[in-house]
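A.B. asks: The residues making up each chain are set out below.
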Amino acid sequence: MNAIIETNMLSFRYGAQEAVRDLNLTVPQGSIFALLGPNGAGKTTTLKALMNIVEPTSGEAFVMGVPTTRLGPTEFQRIGYVSENQELPEWMTVGAFLDYCRALYPTWDAAFCSRLTEQFQLPLDRKLKQLSRGMKMKAALLSSLAYRPRLLVLDEPFSGLDPLARDEFISGMLALVDESDWTIVISSHDIEEVERLVDWVGFLEKGGLRLCEPVAKLLERFRRLEVVLATGAVRESPPRLPHPDWLDVSVQSHALRFVESQYQADETNRRVQEIYPDAKEIQSSPMSLREIFVALARCPQTSTLKK
Amino acid sequence: MQTALLPHLIWKDLRHVRVVFGLWLLLLLAQGVLIGSGFSVGPGQMLWQIAYTILAMGIPILQGLVLVILIPLLIQDEALVGTTAFWFTRPISRGTVLAAKVLFVVGLLVIPPLVVELLVFLVNGIQTRDIVRALPQVLYTSLSLIVPIAALSTLTRSFARFAIWLVSVSMAVMAFGFVVQFGRMLFSMETFMTDSQNTSLLFSRSIAAGLCGIVGGALVIGNQYLTRRMRTSFVILIVTVASSICVQMLWNYDFLKRPESAANTSTFRTDSVSVALNPKSVFAKDALQFSPMSDPRTSISARFKFSAVPHGYQLEIADVQSELTFADGTKLPSGKVTALPGLPNQWWASALSEAIDGVPVLNGDPDSGEVFGQVFSLDTSIFQERKSESATLRGTLSLKAKYLTVVGRLPLRSGARMVDGSRHVEIATVVKQTTGCRLILRERKLNLWSTSTFSQFNPLAGDGGVYLLVNRARNQAILPDQNFNFDMASTFLQATAMLVNRSIVLDFSGSRRDKEIVSVDADWLAGAELVRVQAESAGTLTRELTADNFVLSPKK
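In the order they appear, the protein sequences are chains W and S.
So for the first sequence, our numbering puts the first residue at 1; every next one is plus one.
So for the second sequence, our numbering puts the first residue at 1; every next one is plus one.
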């Protein structure tokens, strides 16, 4: 697996507060990678460190094989970065903004740019400051797509967008995914939207990486299980997790419900039988990325979850 | 650096600030036309004077204010503070952005004023030598405003924050400056007073402090663009502000002072020059006291009489080192003597007369060859103890010799012109009055640091020169009356413009202290011409002074 992004014990502090802690992250080339995590998990800071906007307190990171602290014009000609907080030159019209960007990129594809302008329905003669938030995000995205970057980094791209704008944005992205050989890194809260796009996922919690793997594998190994027990066997939730791979355990009457984070049908059934010999029935159901995210967010971090 | 991108970035910036830049350019041209056209208002036209003053003062102030808006707008378009600026993740190196901004500022904010001033100088007949001396001053004036504003702009991300910073830093500078100034006064009032009368030293201090600000500001800008390390930039900023203030208050190297060489004895025979002090002229007064902690001091002044000064020369006292020896053998050295600034109209009638081929100056100071000045300084308590005792005063006087020479003559009619180097003088109006006449002159000259004096604000002073009416047929010359006709427009303009067009009003009544010496009637004026006499430095000399029976406070 060729990594386009690699971090090694990357840390960043804001004063006394540790925003990112000993982060070891690998983003495979060609993947569409979602960096997920609750508020304050360190997603934006990580992306800023990767883009050389902030300098790491310790550790190192590489983007396209170049240390992030040395990222310069040559590398940024192949990187696109769109952030919800990015301040665009709002005094420019959309057309002037695209003209301004075009001169910065030798690989600027004017035809592609025109097509995207049309697709995003961007008014070229309107000033950026007169655009809605969604339109501004589209303008920023367009200015980061038109030169066909190798790596596209999107920091909370859906934040503040209404459902329609969000849908248009994602549709646009999906339409483009097939025609370019690129890597996309998206940080977002909006897991349902991201799920339609991504094939890899990383989960950040309190500045540390909790998991990082292909989405397919993640969806495969996470299952919601319901175990029906013999009458009177269990009445209350267990004080401790019956197994370290089980998350979000709850008990309802004679049924035990939990999330299995290392699901393998035979092995899981055997393990359940071992812990609950009186289990009468075991039902497993697949989980969405969102459900996995919620289950992970609810449970304290355990090292066994890291893959 | 991406050289190919520079025009692209500069063009983008120009489009961004075009309205404000256009306004600034308009003000620059208006100022150029106002100063360069030679337009000036006579002292009698009060309403026009007010309008002209408002324009002459208002345009530079407006220009400054527009720069305060323009520069942050220019710099903050590629903000250096925070993490949200769009250009951080675009393929533009920091060095390229810095180079683009520097080229913009130099090409569009520094060079145009230089060109406008150059044109103004050329149109107004300023000599090449003076233009060469003036251009660094124009450059300095531009940079001393632009660089600090740019430095603050690199430390802020919005105009509102910039404005807050500007006000805060200005207030801090004023507060810190006040503390340092106050400390200096407390430490030594006499040194403070002496320094504050030394024009070239004050200008040297201002320039050195300004250069400090420019260099420090440039370091802040460079550091912000190349490293974006805010802490380092703040440290540089604080050091710059503190050092600028300290230099402004404490700098002692007077690099503007013209080198004073010893008098050339082949042209100015100094051997026989002697100085004596008239003990009866001794006058004691309390020195200005600032610090309640320091002892009160008394300053002793007296009239010095110079003898055998060659014709055409006059002397000024630059410094006095003196010591008193009392009858009981006690020796008392003087404290620092505060030299009074030379009065601009203190001309020796004999030297003036020599300059105009021996024509007597009828209403000149009869005490030619005498100078009144401070000779001793001591604690008031000692003064009180010994004020009646007779002592011997020994001292060394450092003297400046000046040679008076005619630099221009004008027939007494409107439109008559005179050129003396870069100084252009024209008689605008001749008004015959009941006794004598009033002349309104238009004078155009360069306001250079090296020639700036306090007396420049006094139109009668004429910057080391004096105007006389000379009637050679009658062998009579007269000095102008000491009326101070305040020309508001010219006076304020001199504070802001390098080329000054000012009006000078000279009343020639032929009287001295309201007593008519000569009747300046139409006949007298018909045969008269206006002459400008200039004092040229003739070097320095020292003289030993001994005064026996010197009493600090003699009975009158």
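Don't take each hint at face value.
Claimed, not checked - Facing chain W, from chain S, some residues (calculated, C-beta under 10 Å):
no.: 1; residue: A4
no.: 2; residue: D77
no.: 3; residue: E78
no.: 4; residue: G82
no.: 5; residue: S93
no.: 6; residue: F178
no.: 7; residue: R472
Stated by the list, open to error - Cβ-to-Cβ under 8 Å is the rule here; a few derived chain W residues that face chain S:
no.: 8; residue: T93
no.: 9; residue: G95
no.: 10; residue: E192
Unchecked claim - The calculated label-pair distances, taken between Cβ atoms and stated as ranges, are:
no.: 11; chain 1: S; residue 1: A160; chain 2: W; residue 2: P106; range: 51 to 57 Å
no.: 12; chain 1: S; residue 1: F187; chain 2: W; residue 2: K127; range: 57 to 63 Å
no.: 13; chain 1: S; residue 1: A51; chain 2: W; residue 2: P123; range: 24 to 30 Å
no.: 14; chain 1: S; residue 1: I164; chain 2: W; residue 2: S159; range: 47 to 53 Å
no.: 15; chain 1: S; residue 1: V20; chain 2: W; residue 2: R290; range: 32 to 38 Å
no.: 16; chain 1: W; residue 1: A103; chain 2: S; residue 2: S196; range: 55 to 61 Å
Hints listed in this document are in silico derivations from the structure and should not be mistaken for laboratory results.
The C-beta atom is built at its ideal place from N, Cα and C for all residues, glycine as well.
A.B. asks: Could you run down the list of hints and mark each one as holding or not?
C.D. replies: Right, here's what the structure says about each hint:
no.: 1; hint: A4; verdict: 9 Å, holds
no.: 2; hint: D77; verdict: 6 Å, holds
no.: 3; hint: E78; verdict: 9 Å, holds
no.: 4; hint: G82; verdict: 8 Å, holds
no.: 5; hint: S93; verdict: 5 Å, holds
no.: 6; hint: F178; verdict: 35 Å, violated
no.: 7; hint: R472; verdict: 71 Å, violated
no.: 8; hint: T93; verdict: 11 Å, violated
no.: 9; hint: G95; verdict: 13 Å, violated
no.: 10; hint: E192; verdict: 27 Å, violated
no.: 11; hint: A160(S) <-> P106(W): 51 to 57 Å; verdict: 38 Å, violated
no.: 12; hint: F187(S) <-> K127(W): 57 to 63 Å; verdict: 59 Å, holds
no.: 13; hint: A51(S) <-> P123(W): 24 to 30 Å; verdict: 49 Å, violated
no.: 14; hint: I164(S) <-> S159(W): 47 to 53 Å; verdict: 29 Å, violated
no.: 15; hint: V20(S) <-> R290(W): 32 to 38 Å; verdict: 50 Å, violated
no.: 16; hint: A103(W) <-> S196(S): 55 to 61 Å; verdict: 56 Å, holds
Hints 6, 7, 8, 9, 10, 11, 13, 14 and 15 from the list above are not met by this structure, while the remaining hints are.
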